[in-house]
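A.B. asks: What follows is the residue order along each chain.
There are 2 protein chains.
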Amino acid sequence: MNFIEGGITAPQGFKAAGVAAGIRKKEKKDVAIVYSQVPAQAAAVYTINKFKAAPLKVTAEHLADGIAQAMVINSGIANACMGQQGMESAKEMAEITAQVLNIKVDDVVVASTGLIGAPLPMDRLEQGIKEAASKLSTKGGSCAAEAIMTTDLVKKEVAVQLELGEKQITIGAMAKGSGMIHPNMATMLGFITTDADVSAECLQKSLKTAVETSFNMISVDGDTSTNDMVVIMANGIAGNPQITLDNEYYVQFQAALTEICVILAKMIAQDGEGATKLIEVEVSGALSLEDARKAARTICSSSLVKSAIFGEDANWGRIITALGYSGAEVEPEKVDVYIGDLMMAENGTGLSFDEDKAGQILAQKEVIIKVDLKLGEFEAKAWGCDLSYDYVRINADYRT
Amino acid sequence: MNFIEGGITAPQGFKAAGVAAGIRKKEKKDVAIVYSQVPAQAAAVYTINKFKAAPLKVTAEHLADGIAQAMVINSGIANACMGQQGMESAKEMAEITAQVLNIKVDDVVVASTGLIGAPLPMDRLEQGIKEAASKLSTKGGSCAAEAIMTTDLVKKEVAVQLELGEKQITIGAMAKGSGMIHPNMATMLGFITTDADVSAECLQKSLKTAVETSFNMISVDGDTSTNDMVVIMANGIAGNPQITLDNEYYVQFQAALTEICVILAKMIAQDGEGATKLIEVEVSGALSLEDARKAARTICSSSLVKSAIFGEDANWGRIITALGYSGAEVEPEKVDVYIGDLMMAENGTGLSFDEDKAGQILAQKEVIIKVDLKLGEFEAKAWGCDLSYDYVRINADYRT
Chain B
1 MNFIEGGITA PQGFKAAGVA AGIRKKEKKD VAIVYSQVPA QAAAVYTINK FKAAPLKVTA
61 EHLADGIAQA MVINSGIANA CMGQQGMESA KEMAEITAQV LNIKVDDVVV ASTGLIGAPL
121 PMDRLEQGIK EAASKLSTKG GSCAAEAIMT TDLVKKEVAV QLELGEKQIT IGAMAKGSGM
181 IHPNMATMLG FITTDADVSA ECLQKSLKTA VETSFNMISV DGDTSTNDMV VIMANGIAGN
241 PQITLDNEYY VQFQAALTEI CVILAKMIAQ DGEGATKLIE VEVSGALSLE DARKAARTIC
301 SSSLVKSAIF GEDANWGRII TALGYSGAEV EPEKVDVYIG DLMMAENGTG LSFDEDKAGQ
361 ILAQKEVIIK VDLKLGEFEA KAWGCDLSYD YVRINADYRT
Chain G
1 MNFIEGGITA PQGFKAAGVA AGIRKKEKKD VAIVYSQVPA QAAAVYTINK FKAAPLKVTA
61 EHLADGIAQA MVINSGIANA CMGQQGMESA KEMAEITAQV LNIKVDDVVV ASTGLIGAPL
121 PMDRLEQGIK EAASKLSTKG GSCAAEAIMT TDLVKKEVAV QLELGEKQIT IGAMAKGSGM
181 IHPNMATMLG FITTDADVSA ECLQKSLKTA VETSFNMISV DGDTSTNDMV VIMANGIAGN
241 PQITLDNEYY VQFQAALTEI CVILAKMIAQ DGEGATKLIE VEVSGALSLE DARKAARTIC
301 SSSLVKSAIF GEDANWGRII TALGYSGAEV EPEKVDVYIG DLMMAENGTG LSFDEDKAGQ
361 ILAQKEVIIK VDLKLGEFEA KAWGCDLSYD YVRINADYRT
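Which chain is which? The protein sequence lines are B and G, in order.
The working numbering applies: residue 1 is where the first sequence begins, and numbers increase by one.
The working numbering applies: residue 1 is where the second sequence begins, and numbers increase by one.
Please keep in mind that the hints were generated in silico from the structure rather than gathered at the bench.
Just so it is clear, the structure is predicted and the values come from calculations on it, not from any experiment.
Careful, some of the hints might be misleading.
No distinction is drawn between identical chains; accordingly, a pair holds when it is met within one copy or between any pair of copies.
What the hints assert, rightly or not - Below are the BS3-like pairs computed for lysine-lysine, each with C-alpha atoms no more than 30 Å apart in a straight line:
(1) K52 - K374
(2) K374 - K91
(3) K266 - K91
(4) K167 - K28
(5) K334 - K135
(6) K374 - K25
(7) K130 - K208
(8) K334 - K52
(9) K357 - K25
(10) K374 - K50
(11) K139 - K357
(12) K357 - K130
(13) K104 - K365
(14) K52 - K205
(15) K130 - K365
(16) K52 - K357
(17) K365 - K135
(18) K26 - K357
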């Protein structure tokens, strides 16, 4: 597996564009289209929030047949909690896109991110979609990745190539997400393209598996949004022997897809609103995978842990505290806790440790917290970021 | 029911003191004793964190017979995650206290709050306990309430009187808590005294009921600590006909006890680390009490809701978002949302509202958020505070 330059237009047969339609603010790109030259196999994973935004509902309808040819995405307005008007706007986005691209309306995936409870400005959006369609290019992935950003500071894209059955296949992806990020699909959008030929069943399963160990293991602030989804389109142009659940190619494809999703997930955590550090929490020795995940995510989500890491304070008691209310099976007198490679607590009891060394570890841009439950064989990683003054500043006046 | 001046020494037969023993920092009172002139019926509710600090374990042992005569509390060091040494220190605290007060060691309740994973300085603590014992007074409640504070800015005490069977009974209480505050007993301690005669069974049940609608419904930062408990002692000196689960006095006593706990809980939320506003969330129309509580607590705990309230931004989409991931049964197209009396969303759809009026409501020191699920008859209230720059400042360098 080789990493290559680019993102969603790295695979063969995909074009994209991103333009500024004036939805979010002047000059900022806010409308993106991703287009496959042939209809592609497609699959998606959606937010678990009970308030599902209109674009998710429209996308789910359009993907009922497992086929898509284009994705249209806007940032600035989430088109959530807008009732009937929201559904009509989401459908109209798909219709306009289908019309200008001359494809079937139910082959269009629709996504929105931004402010909840405000109407989409359909005239500006229509202009944006038309402009984006006219600018579609095999080099347009980067502009599209810019157009889906909201409070993101960093554009997030990645691409890999691998050999499958003597054919080279490429997977490209872009994502957005910075705040309202939490396990189980928070305000994050992920779009993945591949020129591989993948069976419908295999595509859905491998996407779900990849999301579970990547996007569902990051947390910025514990909030799970109404709008999130990850979509994958596989157009088969690479001509590889089809990847199915029962052949040897599946394992390779799954590994590459998971790797791509983990990279994007970490980029999102690192770009968390106001973040100054990436936090990686590794929990091992759990009795079950679910326990390992719960524990890792809870530690990653604790405001007190996050504040301590921001302050570069080796307050491991807060790690133990979060573990204790995570719901994971724990025997307090067995737990070991490390910050970096420095052991802070052994068998649930605090050790005296070298404060200078702890300070050096905490001064890094990436801080690794390790917890060994010493109960079983399961492990999991979660990613998050510290909690800084800037998180509060950004979120105190998001609407203004 | 009349509110009166004072706290835990307001009921007859109780003395208390609070002194500075140098555990937390010079001059700050950090050791408190509460003493009843006769052994009292006692009950307690403990943290749900799996890492239970040593003092909780010792207290649970001592309350096995339902009797206590004194409580000894220190702030500064939590005596949590200290293994065998921690258990020995907690027992020693009880032994020293029993000795100087000349009471039975298993009639002593022990509590600690502060930094996790550090040892109690037993020599200074011993001096503090002896000094506090020598200063016990019927006017000492206020000093005790000061001594249990950590990052609290405000001392928290309250007392009420009511008539039961032609006898006047008094209930007094004090609490501490400011950070690491979350549903299900976070880093908060509550101590309640009463001169009422209450049966053992009734005392335990009424305390549990009171805690469920008060301390378990507040959240500052979503962290549930290792050390929290609420203890009540009822010494019977008022000479009232005994309150039991099957007589008329129970309802009155329960109402007073719940009211006291709600007042202290709101004081804790309002004094949340860095808080500038108290947030009250009222959820009505839920299918079950558990759903109403879940929804209210989740909205109250959302960092995004809290940041928006700090910024006085009527970003009601975040309220809907938190509701949507709360786990409560919700039909999105039925939900109404209000900030104060201003309706923001009806039947799950945003309304255009008067931004000036919203601004006025959000400028108040207390902000009420109301959500009507319109599904059933259950309702609940939760309390929290906004998320400010100061929360981050306080928690970035708690240890230093």
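A.B. asks: Hint by hint, note whether the structure agrees.
C.D. replies: We went through each hint and held it up to the structure:
no. : hint        : in the structure
1   : K52 - K374  : between (39 Å within a copy, 19 Å between copies)
2   : K374 - K91  : between (52 Å within a copy, 29 Å between copies)
3   : K266 - K91  : neither (33 Å within a copy, 46 Å between copies)
4   : K167 - K28  : neither (39 Å within a copy, 73 Å between copies)
5   : K334 - K135 : neither (59 Å within a copy, 42 Å between copies)
6   : K374 - K25  : neither (52 Å within a copy, 37 Å between copies)
7   : K130 - K208 : neither (33 Å within a copy, 62 Å between copies)
8   : K334 - K52  : between (42 Å within a copy, 14 Å between copies)
9   : K357 - K25  : between (46 Å within a copy, 26 Å between copies)
10  : K374 - K50  : between (36 Å within a copy, 15 Å between copies)
11  : K139 - K357 : neither (46 Å within a copy, 49 Å between copies)
12  : K357 - K130 : neither (57 Å within a copy, 39 Å between copies)
13  : K104 - K365 : neither (47 Å within a copy, 54 Å between copies)
14  : K52 - K205  : within (22 Å within a copy, 41 Å between copies)
15  : K130 - K365 : neither (42 Å within a copy, 48 Å between copies)
16  : K52 - K357  : between (46 Å within a copy, 29 Å between copies)
17  : K365 - K135 : neither (38 Å within a copy, 51 Å between copies)
18  : K26 - K357  : between (47 Å within a copy, 29 Å between copies)
Going down the numbered hints, you'll see the structure goes against 3, 4, 5, 6, 7, 11, 12, 13, 15, 17, while the others check out.
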